Amino acid sequence: MKKIREYIDEMFIEIPGSEQKEVVKEEVIQNLEEKVDDLIQQGKAEEDAINKAIVDFGSIDDIKKELMGRQPIKKNTTGLHLGFSIWGSALIIALCLFANFYYTPYIIWFVYPTFGVLWWPLAMFFRWLKHK
Amino acid sequence: MINSDIIRGHLDSIILRLIMEKDRYGYEISKEIGLRTKDQFQIKEATLYAVFQRLEKKELIKSYFGDVTYGAKRRYYCITSLGKAYYKEQLEEWRMIKEVIDIFMEE
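Chains A and B are the protein sequences, given in the same order.
Quick note on the numbering used here: the first sequence kicks off at 1 and runs consecutively.
Quick note on the numbering used here: the second sequence kicks off at 133 and runs consecutively.
You can take every hint at face value.
Capping the alpha-carbon separation at 25 Å, the derived lysine-lysine pairs in DSS-like fashion look like this:
id, chain 1, residue 1, chain 2, residue 2
1, A, Lys75, B, Lys190
2, A, Lys65, B, Lys190
3, A, Lys75, A, Lys132
4, A, Lys52, B, Lys163
5, B, Lys176, A, Lys65
6, A, Lys64, A, Lys21
7, A, Lys3, A, Lys64
8, A, Lys44, B, Lys170
9, B, Lys176, A, Lys64
10, A, Lys44, B, Lys163
11, B, Lys163, A, Lys2
12, A, Lys65, A, Lys25
Hint data in this document are derived by calculation from the structure and do not stem from the laboratory.
Predicted model only: the values in this text are computed from it and were never measured.
Isolated chain B, as found in the complex (with noise of 0.2 Å):
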């Protein structure tokens, strides 16, 4: 499992990419990234609970409750459009640095 410091940088794009897909909860995020990166990357609670409450207070995202699970309603998060517009922007900016660093470190 890798667990540096490039992926941390860009969690907030990855979790918002997720939930601008569509409407998610909590675990149901942290399971999707195992799966898409073949559990390679995991992504720890404690910090997908921070990034939430990131997002959230830059108004990137919004939550509700949705059906009743587990004895309690689940928080879904969704994206809002200023979240749309923030995450176009971080694409951006990503695919300038892979440039970047594409020019030194690939063959």
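In isolation and in its complexed conformation, chain A is listed as follows (with noise of 0.2 Å):
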């Protein structure tokens, strides 16, 4: 029986830690020791039982997906952040047109400021294109 546990304890070390994980890890290991003694009941010899439950336990993926799928998923917030940085810059933007056109009206110096603050859209459209 110390063999099936040391299995399940081999397969379940790819899965990160956590509650969920320790609890189905023992339901497992009590489920298939109960198949063990089931199969060994119907005339196999321990060796071969322990055997055939390690074999049929089937591939730990599942398992893995189903448990790693608890974890919050990274929501995808690039949108947020371009819609963000489109309406900030143009907010700014403005406010240097105003500025400009307001106190020197005859030194056009707005686009500089300008072409500054227009790299923070074009690398969030970029994130966001990516992510897409």
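Both chains are given apart, each in its own frame, so use the hints to dock them into the complex.
Okay, here's the thing in structure tokens:
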């Protein structure tokens, strides 16, 4: 029976630790041990019974997928960032535009900060494009 | 032993059905599946516990600890009312699928 526990322990190693994982692991071990006992009662040697239980277990990937899926999936917020950057830069540019023409109508300087500010939505746009 | 995608796609429903009949625990379900299909289909334990996780996450089944065996408490599963509704829906869908496939595959 120790072999079952060792085998399952090893299988579960690649799943990140959580309370849920321990519960499932114990459940699996317990049920496999019962299966082994059942097989022995049907006339199998203990060694064979354990091997059959291990072979029948299958691939851990299914359980892994379910248990890992529990962790919250990172939400894609790049669209929000892009929207924010567009509104933000538009406001800054508008302010510069206003200040430029209100206070110094004969010197056109607002294009310089405008070019600087435009990097922001541009960067966010490509980030959004990458995640789309 | 068959291992077809069609069965795999309906494992949730099959297990839900078995739990609907009465509260069951893991090994009981895998044994029951082998018994009913005369070992034509056997579920892998890893798959079974993945299905439990999935169904529980969707709140289609609930688990509780029952009597003590093998040094620990057995974990039993019971169906929720949401699970029953889901099963009914799946049953309807399966009947429709069967009808459609039969049109082509039955002589």
